[in-house]
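Visitor: Below are the chains, spelled out letter by letter.
Protein chains: 2
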Amino acid sequence: MSTTNPAPFPGQRGTRRWLTPDEEAAWRAFRRMLVAVTERTTKDLSPANLSMPDYDVLSTLADRADHRWGLREMAEKMEWSRSRLSHQISRMQTRGLVDRLPDDTDRRGVVLQLTPAGLAALREATSTHLASVRRRFVDHLNPEELETIRDLADRIAEAPG
Amino acid sequence: MSTTNPAPFPGQRGTRRWLTPDEEAAWRAFRRMLVAVTERTTKDLSPANLSMPDYDVLSTLADRADHRWGLREMAEKMEWSRSRLSHQISRMQTRGLVDRLPDDTDRRGVVLQLTPAGLAALREATSTHLASVRRRFVDHLNPEELETIRDLADRIAEAPG
Chain A
982 MSTTNPAPFP
992 GQRGTRRWLT
1002 PDEEAAWRAF
1012 RRMLVAVTER
1022 TTKDLSPANL
1032 SMPDYDVLST
1042 LADRADHRWG
1052 LREMAEKMEW
1062 SRSRLSHQIS
1072 RMQTRGLVDR
1082 LPDDTDRRGV
1092 VLQLTPAGLA
1102 ALREATSTHL
1112 ASVRRRFVDH
1122 LNPEELETIR
1132 DLADRIAEAP
1142 G
Chain B
982 MSTTNPAPFP
992 GQRGTRRWLT
1002 PDEEAAWRAF
1012 RRMLVAVTER
1022 TTKDLSPANL
1032 SMPDYDVLST
1042 LADRADHRWG
1052 LREMAEKMEW
1062 SRSRLSHQIS
1072 RMQTRGLVDR
1082 LPDDTDRRGV
1092 VLQLTPAGLA
1102 ALREATSTHL
1112 ASVRRRFVDH
1122 LNPEELETIR
1132 DLADRIAEAP
1142 G
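Chain order of the listed sequences is A and B.
For the first sequence, the working numbering gives the first residue as 982, with consecutive numbering after it.
For the second sequence, the working numbering gives the first residue as 982, with consecutive numbering after it.
Source of the hints: derived by calculation from the structure; they are not laboratory data.
Each residue gets a CB set at the ideal place from its N, CA and C atoms; glycine is no exception.
Where hints are given, some of them may not hold.
[As the list claims (entries may be wrong)] Pairs of lysine to aspartate or glutamate, DMTMM-like flavour, derived with a Cα cap of 20 angstroms:
1) A:Lys1058 with A:Asp1135
2) B:Lys1058 with B:Glu1139
3) B:Lys1024 with A:Glu1060
4) A:Lys1024 with B:Glu1139
5) B:Lys1058 with B:Asp1037
6) A:Lys1058 with A:Asp1084
7) B:Lys1058 with A:Asp1087
8) B:Lys1024 with A:Glu1139
9) A:Lys1024 with B:Glu1060
10) A:Lys1058 with B:Glu1005
11) A:Lys1058 with A:Asp1047
12) A:Lys1058 with A:Asp1087
13) B:Lys1058 with A:Glu1020
14) A:Lys1058 with B:Asp1037
[Unchecked claim] Not close to chain B: a few residues of chain A, all C-beta gaps over 12 angstroms, as computed:
15) Asn1030
16) Gly1090
17) Arg1136
Taking the hints into account, I'd like the entire structure generated from these sequences.
Guide: This is how it looks when you write it as structure tokens:
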């Protein structure tokens, strides 16, 4: 593995810590994969009129027995900021997919509730989406590779910010 | 490895091809990594007033000896659609980072040219960005893991659409 890298433009060599060719190739491949998987799964889901964030919100609510979740706790669970979740919910509320209810146990709190229309939309989209996740991701990896990618992904995602 | 999966909501079991728990865990970890790396590298670059697409465009132009590229060829190289690149260029043009020139060899063609301001912006951002790529991605992987992730990423990205 070489430890030098041609400068991508003149005059920038020497003082910076360039990536090695192997590091750069891995980073480029990683970014290509990221864009490809995101675009393809998004496109596969679009006939169901749902975005990936829509799907994530619906499935997270549906995972609960009562189909509801406090906004604060749900944002934590999804690893989204509360304001991002709140904006996303506003858009989905106008489409009748979720409701926003007062929280009986916390005057300033908000409870999110999956509506029957939201559940129906999720049900219609689920098999499409799972087939898409298989086709775009899972089917390209054997069990050992799935475990490897899970371990590396966990390590990278859990690195201190 | 179990091959069944509890249905995420009632009434949805049996007819669908659910992901196994291992597959689902790998997919979730993958998506967390994807979001984490994207958010962190974007945040690290923001003091330079550049987005990741800005940086990608500037560095792709700077890779060429004459700092210019035909729009069509550059879109292919970046694996972007031509309309996406064209919109991105319009935004960067108003900031003086790139120019759009007529193509002498093709009346309907467009040539993109890095401006001195664009090169200066890239130079200022490069060491920040490379340090960010190291900190958020490369430093968490040993050489063997880098090679593994590169192979898997290539395979997934190059799968037929």
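Visitor: Decide, hint by hint, whether the structure agrees.
Guide: Hints and how they fare:
1. Proximity of Lys1058 of chain A to Asp1135 of chain A is assessed by CA-CA distance (about 15 angstroms); at most 20 angstroms being required, the pair is judged to hold.
2. A distance of roughly 14 angstroms separates the Cα atoms of Lys1058 of chain B and Glu1139 of chain B; the hinted pair therefore holds under the 20 angstroms criterion.
3. Restraint check for Lys1024 of chain B and Glu1060 of chain A: the C-alpha separation of about 16 angstroms stays at or below 20 angstroms, so the hint holds.
4. Only pairs whose Cα atoms come within 20 angstroms are accepted, and Lys1024 of chain A paired with Glu1139 of chain B is accepted, the gap being roughly 17 angstroms.
5. Straight-line distance between C-alpha atoms of Lys1058 of chain B and Asp1037 of chain B comes to about 11 angstroms, which keeps the hinted pair within the 20 angstroms bound.
6. The hinted pair formed by Lys1058 of chain A and Asp1084 of chain A meets the criterion: a straight-line CA distance of about 18 angstroms does not exceed 20 angstroms.
7. With a C-alpha separation of about 53 angstroms, the suggested pair Lys1058 of chain B and Asp1087 of chain A falls outside the 20 angstroms cut-off, and the hint is violated.
8. About 17 angstroms separates the Cα atoms of Lys1024 of chain B and Glu1139 of chain A, which keeps this hinted pair within 20 angstroms; it holds.
9. Distance restraint check for Lys1024 of chain A and Glu1060 of chain B: the Cα-Cα separation of roughly 16 angstroms lies within the 20 angstroms cut-off, and the hinted pair is therefore satisfied.
10. Under the criterion of a C-alpha separation no larger than 20 angstroms, the hint pairing Lys1058 of chain A with Glu1005 of chain B is consistent with the structure, at around 16 angstroms.
11. Pair hint Lys1058 of chain A plus Asp1047 of chain A holds up; C-alpha atoms about 16 angstroms apart against a cutoff of 20 angstroms.
12. Annotation: proposed proximity of Lys1058 of chain A to Asp1087 of chain A holds, straight-line Cα distance about 19 angstroms (limit 20 angstroms).
13. A C-alpha spacing of about 17 angstroms is found between Lys1058 of chain B and Glu1020 of chain A, which places the hinted pair at or below 20 angstroms, so the restraint holds.
14. Restraint check: the Cα-Cα separation between Lys1058 of chain A and Asp1037 of chain B comes to about 32 angstroms, which exceeds 20 angstroms; the hinted pair is violated.
15. Even its closest Cβ contact with chain B, about 19 angstroms, leaves Asn1030 of chain A beyond 12 angstroms, as expected for a residue assigned away from the interface.
16. With a minimum CB-CB distance of about 24 angstroms to chain B, Gly1090 of chain A clears the 12 angstroms threshold, and the non-interface call stands.
17. Not every CB of chain B lies more than 12 angstroms from the CB of Arg1136 of chain A, the least distance being 5 angstroms, so the non-interface label is violated.
Checked against the numbered hints given earlier, this structure breaks hints 7, 14 and 17; the rest are met.
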